[in-house]
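> Sequence:
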Amino acid sequence: QWLSDRKKRALQKKDVDIRRRIELIQDFEMPTVSTKIKVSRDGQYIMAVGTYKPRVRCFDTYQLSQKFERCLDSEVVTFEILSDDYSKVVFLQCGRFVEFHSQHGHYYKTRIPKFGRDFSYHYPSCDLYFVGASSEVYRLNLEQGRFLNSLQTEASESNACDINPVHFLFALGTAEGKVECWDPRTRNRVGLLDCALSSVTADTEIEGLPSISALKFDGALNMAVGTSTGQVLLYDLRSSNPLIVKDHHYGLPIKSIQFQHQLDLIISADSRIIKMWNKDTGKIFTSMEPEHDINDVCLYPNSGMLMTANEAPKMNIYYIPVLGPAPKWCSFLDNLTEELEENPESTVYDDYKFVTRKDLENLGLAHLIGSSLLRAYMHGFFMDIRLYHKAKMMANPFAYEEYRREKIRQKIEETRAQRVQLKKLPKVNKELALKLIEEEGEEQQFSKKRKQKNLPSLLKDDRFKVMFENPDFQVDEQSEEFRLLNPLVSKISEKRKRKLKLLEELEAQAQEEEEEPEGKASDAESSESSDDEKGWVEEVRKQRKLLRQEEKLKRQERLKEDQQTLLKPQFFEIKEGEEFRSFKDSAKKQKLMKKTLEDRLKLEEKLGILNVTDTTVGSKQATFKLKQSEQQRKQQEAEKRHRQERKTLRRSANHLKSRRGRGRLFH
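Counting from 1, position 196 in the sequence shown corresponds to residue 196 in UniProt numbering; the numbering is continuous, with no gaps.
No wet-lab data here; the hints were simulated from the structure. A couple of the hints might just be wrong.
[As the list claims (entries may be wrong)] Label pairs and their in silico Cβ distance ranges:
(1) E561 / K602: 15 to 23 Å
(2) H249 / L221: 26 to 34 Å
(3) F115 / D60: 43 to 51 Å
(4) P165 / H104: 45 to 53 Å
(5) R375 / D236: 48 to 56 Å
(6) R357 / Q478: 26 to 34 Å
(7) S479 / R555: 15 to 23 Å
(8) T356 / A220: 37 to 45 Å
(9) I244 / L373: 47 to 55 Å
(10) K602 / T648: 48 to 56 Å
(11) E561 / S479: 19 to 27 Å
[Claimed, not checked] As a list, the in silico DSSO-like pairs of lysine-lysine whose alpha-carbon atoms are at most 30 Å apart:
(12) K279 / K328
(13) K67 / K109
(14) K38 / K7
(15) K411 / K328
(16) K88 / K67
(17) K602 / K647
(18) K353 / K328
(19) K390 / K407
(20) K435 / K545
(21) K589 / K602
(22) K109 / K53
(23) K279 / K109
(24) K88 / K109
(25) K435 / K465
(26) K411 / K390
(27) K407 / K314
(28) K216 / K279
(29) K606 / K595
(30) K594 / K554
(31) K634 / K620
(32) K647 / K657
Computed from a prediction, not measured in an experiment: that's the story for all the values here. Even glycine gets a Cβ: it sits at the ideal position worked out from N, Cα and C.
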């Protein structure tokens, strides 16, 4: 799909895989979209309808090519082949038209009262039953050439219908999620199934009322119903409860239901997926997800071939050998599939290399992301294998030398593996590994005596593999926790260190000498009789004393460093419009700014700056005082003092006047 037609043709000459691809029927496609596909009863003709322009195409399987093509006036909703071959076909079209075609072409055209959605043909009476956007089922008799009395249903609209091939019971699926069954002989309703209620189970999640979108009979007693919410219900006509409810889990309407009798499978399809499942157990047999949305599915009779009409020009053909043999007109498919099983062929991506974003960064090609040289796929990209090899050679020109050295090292390791192996300890946590080996030896002896099963080794367990490979997991024996929790480790570690030295010497000898060293390493361990408790207490005391001394030394070093360091003056810039009071105020201000709005409001309410009251309506009323700067505060204080001074002057002047007046009266 990434290549142009010209490049595909050029590739077809060179690529063996493309030359082996099979085009069963030549030009098996539509101009834009295919909507319905059916096979004639004799199996010779495949008919498909699609757009654009609306047309029908007939393919002859014996000639493996197109038989004819006819254009129509409007799009086809569905169609039915009435004869064994292509000579009698009925088309239900969008504009309420019903068009009849014979072998030579268009024969007759009529209209139904309401828009149709599906129809079925009743062979004994030659009646066509049309269902659609109406509560009525319209009957058109093809022998008399006229409409008969319609069937009156309880539904507001009907979406699908089918006639049982054994006893000719007519069933229709309604928009309310019910299935009505009618007897064509008496033209009376004989049964009603509430499928919407039965489709709701504990495992299913349904949005809205499920309506019936597909309907199919199987034999005399079985009927499968598909809903608009993606469930398929299998019924026995003698029971009102479904035998199995199968959910597609996509929430999309079921488009088609087919029965496969050889393996007792039901093939149900929505627009996204085709599922094949056992009709007795409901177990999934297989599923297929085509690249484009599905409109219809057709199973070729008595074979393992499946055809789909899609939202794309190409109509897909699938052959599944497990379902049945290939049709007689393409019997060579059986031989081809056997050859394919014997000779697995190369994949489509042989000429491409999959790289992640990290690989691109290592190669220095990260700038190519978004260009035509990289094709995005899943968590990485596909790039041309030639470009990858060139970039790798430029990024690491000595890659071949490294590869050669690695191969030589592997060969040497293989030859060494044939010799008698010494005990090899890992590079990380050697003492811990030695301890585990000793414990395993003791456990093996104990289990032999008790006749118990040996427990798996930690060294061989993949879950603890990293502990002996990654240096980040190295045990720090100088840490305070290790020294206090393992007070007897020092004595035991001395013994293990001796062992480690011996093992390292033996390994060095094995590397120097080509022949196998003879003899065994002498045991450096001496039996020690010790009271564990006394030794433990003494060791703990020693460790604590050492820790205290180390702490004292660290403190002294810190004091010396503090004395040596000289304090330098630091300058801080004050924002414009603010006055510096003290460092405490700035610290308080920073703490206050970190608090939430609720905490700040509570604090201001305590200080009396803010007052919050409830109103009668139910809302809140807040009154607050604006914070003043230092300059404004000083100005207000000066004005206040000035007013007080003026008041005192007025009082003293008034007092003098009153005294003078009294003196005159007295004189």
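> Confirm or reject each hint.
Quick rundown of the hints versus the structure:
1. For the hinted restraint 15 to 23 Å between E561 and K602, the CB-CB distance of approximately 45 Å leaves it violated.
2. The given range of 26 to 34 Å is respected by H249 and L221, whose C-beta atoms sit roughly 28 Å from each other.
3. The hint said 43 to 51 Å for the Cβ distance between F115 and D60, and at roughly 33 Å that hint is violated.
4. Judged by the Cβ atoms, the range 45 to 53 Å given for P165 and H104 is violated: they are separated by roughly 29 Å.
5. For the hinted restraint 48 to 56 Å between R375 and D236, the CB-CB distance of approximately 51 Å keeps it satisfied.
6. Distance hint check: the CB atoms of R357 and Q478 are about 41 Å apart, inconsistent with the given range 26 to 34 Å.
7. For the pair S479 and R555, the supplied restraint of 15 to 23 Å holds, since their beta-carbon distance comes to about 19 Å.
8. Take T356 and A220: their Cβ atoms lie about 58 Å apart, and the range 37 to 45 Å is violated.
9. Look at I244 against L373: about 51 Å separates their beta carbons, and that is inside 47 to 55 Å.
10. Between K602 and T648 the CB atoms are about 42 Å apart, so this pair departs from the stated range of 48 to 56 Å.
11. Range check, E561 to S479: about 23 Å between beta-carbon atoms, so the 19 to 27 Å window is met.
12. Between K279 and K328 the alpha-carbon distance is near 28 Å, which keeps this suggested pair within the 30 Å criterion.
13. The suggested pairing of K67 with K109 holds, with an alpha-carbon distance near 23 Å, which does not exceed 30 Å.
14. For the hint pairing K38 with K7, the CA-to-CA distance comes to about 34 Å; that exceeds 30 Å, so the pair is violated.
15. About 56 Å separates the Cα atoms of K411 and K328, which puts this hinted pair outside 30 Å; it is violated.
16. A threshold of 30 Å between alpha carbons decides the hint, and for K88 with K67 the separation of about 15 Å falls inside it, so the pair holds.
17. Restraint check: the Cα-Cα separation between K602 and K647 comes to about 40 Å, which exceeds 30 Å; the hinted pair is violated.
18. As the CA atoms of K353 and K328 are separated by approximately 41 Å, the hinted pair breaks the 30 Å bound.
19. Among the hinted pairs, K390 with K407 is consistent with the structure: their alpha-carbon atoms are about 22 Å apart, no more than 30 Å.
20. Proposed proximity of K435 and K545 is supported: the alpha carbons are some 28 Å apart, at most 30 Å.
21. The hinted pair formed by K589 and K602 meets the criterion: a straight-line CA distance of about 16 Å does not exceed 30 Å.
22. Annotation: proposed proximity of K109 to K53 holds, straight-line Cα distance about 19 Å (limit 30 Å).
23. Under the criterion of a C-alpha separation no larger than 30 Å, the hint pairing K279 with K109 is inconsistent with the structure, at around 41 Å.
24. Of the pairs offered as hints, the one joining K88 and K109 holds, with about 13 Å between alpha carbons and a cut-off of 30 Å not exceeded.
25. With a C-alpha separation of about 16 Å, the suggested pairing of K435 with K465 holds against the 30 Å cut-off.
26. Between K411 and K390 the CA atoms are separated by roughly 29 Å; this keeps the pair inside 30 Å, and the hint holds.
27. In summary, the hint linking K407 to K314 is not supported, as the alpha carbons are separated by about 50 Å, beyond the 30 Å threshold.
28. For the hint pairing K216 with K279, the CA-to-CA distance comes to about 13 Å; that is within 30 Å, so the pair holds.
29. Under the criterion of a C-alpha separation no larger than 30 Å, the hint pairing K606 with K595 is consistent with the structure, at around 15 Å.
30. Among the hinted pairs, K594 with K554 is inconsistent with the structure: their alpha-carbon atoms are about 36 Å apart, more than 30 Å.
31. For the hint pairing K634 with K620, the CA-to-CA distance comes to about 34 Å; that exceeds 30 Å, so the pair is violated.
32. A hinted pair counts as satisfied when its Cα atoms are at most 30 Å apart, and K647 with K657 qualifies at roughly 16 Å.
The structure fails hints 1, 3, 4, 6, 8, 10, 14, 15, 17, 18, 23, 27, 30, 31 (numbered hints given earlier, in ascending order).
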